[in-house]
Every structure is written in structure tokens, then in C-alpha cells.
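Note that the protein sequences, when read in sequence, are chains A and B. Those letters in the first sequence? Residues 1 to 117, by the working numbering. Those letters in the second sequence? Residues 118 to 229, by the working numbering.
Just so you know, not all the hints are guaranteed correct.
Mimicking DSSO-like on lysine-lysine, the simulated pairs with C-alpha atoms at most 30 Å apart in a straight line are [as the list claims (entries may be wrong)]:
id : chain 1 : residue 1 : chain 2 : residue 2
1  : A       : Lys55     : A       : Lys20
2  : A       : Lys41     : B       : Lys186
3  : A       : Lys14     : A       : Lys41
4  : A       : Lys14     : A       : Lys55
5  : A       : Lys14     : A       : Lys66
6  : B       : Lys186    : A       : Lys55
7  : B       : Lys186    : B       : Lys143
8  : B       : Lys173    : B       : Lys187
9  : B       : Lys143    : A       : Lys55
10 : A       : Lys41     : A       : Lys20
11 : A       : Lys66     : A       : Lys41
12 : B       : Lys143    : A       : Lys41
13 : A       : Lys41     : B       : Lys228
14 : B       : Lys173    : A       : Lys55
15 : B       : Lys143    : A       : Lys64
16 : A       : Lys41     : A       : Lys64
To be clear, the hints were calculated from the coordinates, so they are not data collected in a lab.
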Amino acid sequence: GAVVSQHPSRVICKSGTSVKIECRSLDFQATTMFWYRQFPKQSLMLMATSNEGSKATYEQGVEKDKFLINHASLTLSTLTVTSAHPEDSSFYICSARDTTSGTYEQYFGPGTRLTVT
Amino acid sequence: SQQGEEDPQALSIQEGENATMNCSYKTSINNLQWYRQNSGRGLVHLILIRSNEREKHSGRLRVTLDTSKKSSSLLITASRAADTASYFCATGRNNAGNMLTFGGGTRLMVKP
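All chains should be modelled from the sequences, with the hints used to inform the complete structure.
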């Protein structure tokens with residue numbers, strides 16, 4: 001099946017620094033990728049929809065200047081958490097849809113655990 | 118805001134028993150999907166049911182969808198300890214590339 005990878009799997013950074021998380025579709029093209037955030041024992045909350053070659057669409061309450069999304073190719077989307085604060089510590093998960101398959105199924109990455117100290 | 122609500126939030130059963138999880142949603146949907154997540158890991162897609170389908174099977178999984186009640190259920194038969202995980206329903210709408218909205222999840226524990 002289709003595989004989505006994320007890098008890094010874990011990252012610890014200091015407050016005020018920026019962190020970039022990569023999401024790659026390994027064996028399919030994805031014009032649309034999604035970024036989610038998940039706090040402990042909670043569900044996934046959609047942060048933004050990443051569209052290849054255009055600006056991302058952010059969900060209400062998500063600061064676009066803080067969470068920078070770049071979807072520069074059909075297989076790569078990046079999420080940069082700028083000026084990170086401890087409250088940004090969370091599990092970030094991306095997903096991608098194989099837009100050539102004609103199905104609705106989305107494939108999820110393994111997630112990135114961000115800890116801001 | 119989350120569209121789906123899942124019930125129960127937590128479920129503990131013995132190995133061999135069946136586990137039933139329910140999901141309700143609020144708006145019209147194109148499809149509904151069930152995912153599994155082991156602690157601290159990514160999501161694994163289990164099954165997708167389209168809005169014009171009422172029931173779907175996959176191995177020990179059975180999913181039903183009642184669009185009139187805006188609800189779905191996931192049944193895991195003959196549960197195993199390895200089924201211990203969190204299970205999420207997610208509703209998809211035919212816009213923005215099928216953006217998914219997740220329910221709160223059910224934490225299932227299967228005791229050996």
C-alpha cells in the first residue's frame with residue numbers, strides 16, 4: 001500500500017527556536033496533504049490543508065504565521081513551527097491522499113513528537 | 118471543531134469477546150472511515166464506507182453506516198490482545214481533497 005513518511009520522528013527544541021517537519025509520500029503523488037495535531041489522549045485536530053503549488057488552507061484558530069506550510073512538490077510537504085513554545089509540544093501527523101487513485105482513502109505518516117523545553 | 122463523537126470513550130473486554138464502537142456525526146458526508154492508532158504511533162486505515170453503503174466487512178471488522186441517524190458502528194469480532202489500541206472514526210466531505218474530521222476516539226483494551 002501507499003506509504004507516507006515523516007521526519008524527524010522525535011524532536012526536542014528550545015523555546016523560541018523553529019522546527020521543520022517533513023512529510024513525504026513515498027510511492028504516490030499527493031497534490032493535497034493534511035497536517036494534524038494530537039495532544040495526549042485526544043483526537044486528531046486538523047491544522048491545515050496543504051496544496052501543491054499554492055497556499056495552504058488553515059483551520060480556524062491555527063496561526064498561519066506560526067505554522068508555516070510549504071508543499072513544493074507532489075511528494076513533499078513541510079510544516080515549520082516558528083518560535084516554538086512549550087504549549088506547541090504535541091504529536092504532529094500528516095496525511096496524504098493519492099489523487100490519481102480515485103479513492104477517498106488517506107494515508108497517514110507515523111507522526112512527529114515535538115517537545116519544546 | 119470535531120464533527121464526530123465516539124461512544125464509548127473507553128472499552129475494556131476479554132480476549133475472544135466482541136467489541137462495538139459507535140460514532141455519530143453532524144453534517145452530511147461523502148464517506149466515513151475508521152482508523153486504528155497504537156499508543157504514540159501513526160494511524161492505520163481500517164475500512165472506508167461510502168455514504169451510499171450500509172454495511173461493509175473486512176476480516177474480523179464489520180462497519181455499518183446509517184446516514185439517516187448520522188451514525189456508524191465498528192464491530193471487532195473475536196477480539197485479540199493485539200487489538201488493544203485507540204479507534205477513531207473520520208468523516209470525509211467531497212471538498213478540499215476529502216478533508217477528514219475525526220471523532221474523539223475509543224480506547225479499547227483487550228485483556229488476555
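Quiz prompt | Violated constraints from the hint list, given by number and in increasing order | solution = The structure conflicts with hints 6 and 14, although it agrees with all the remaining ones.
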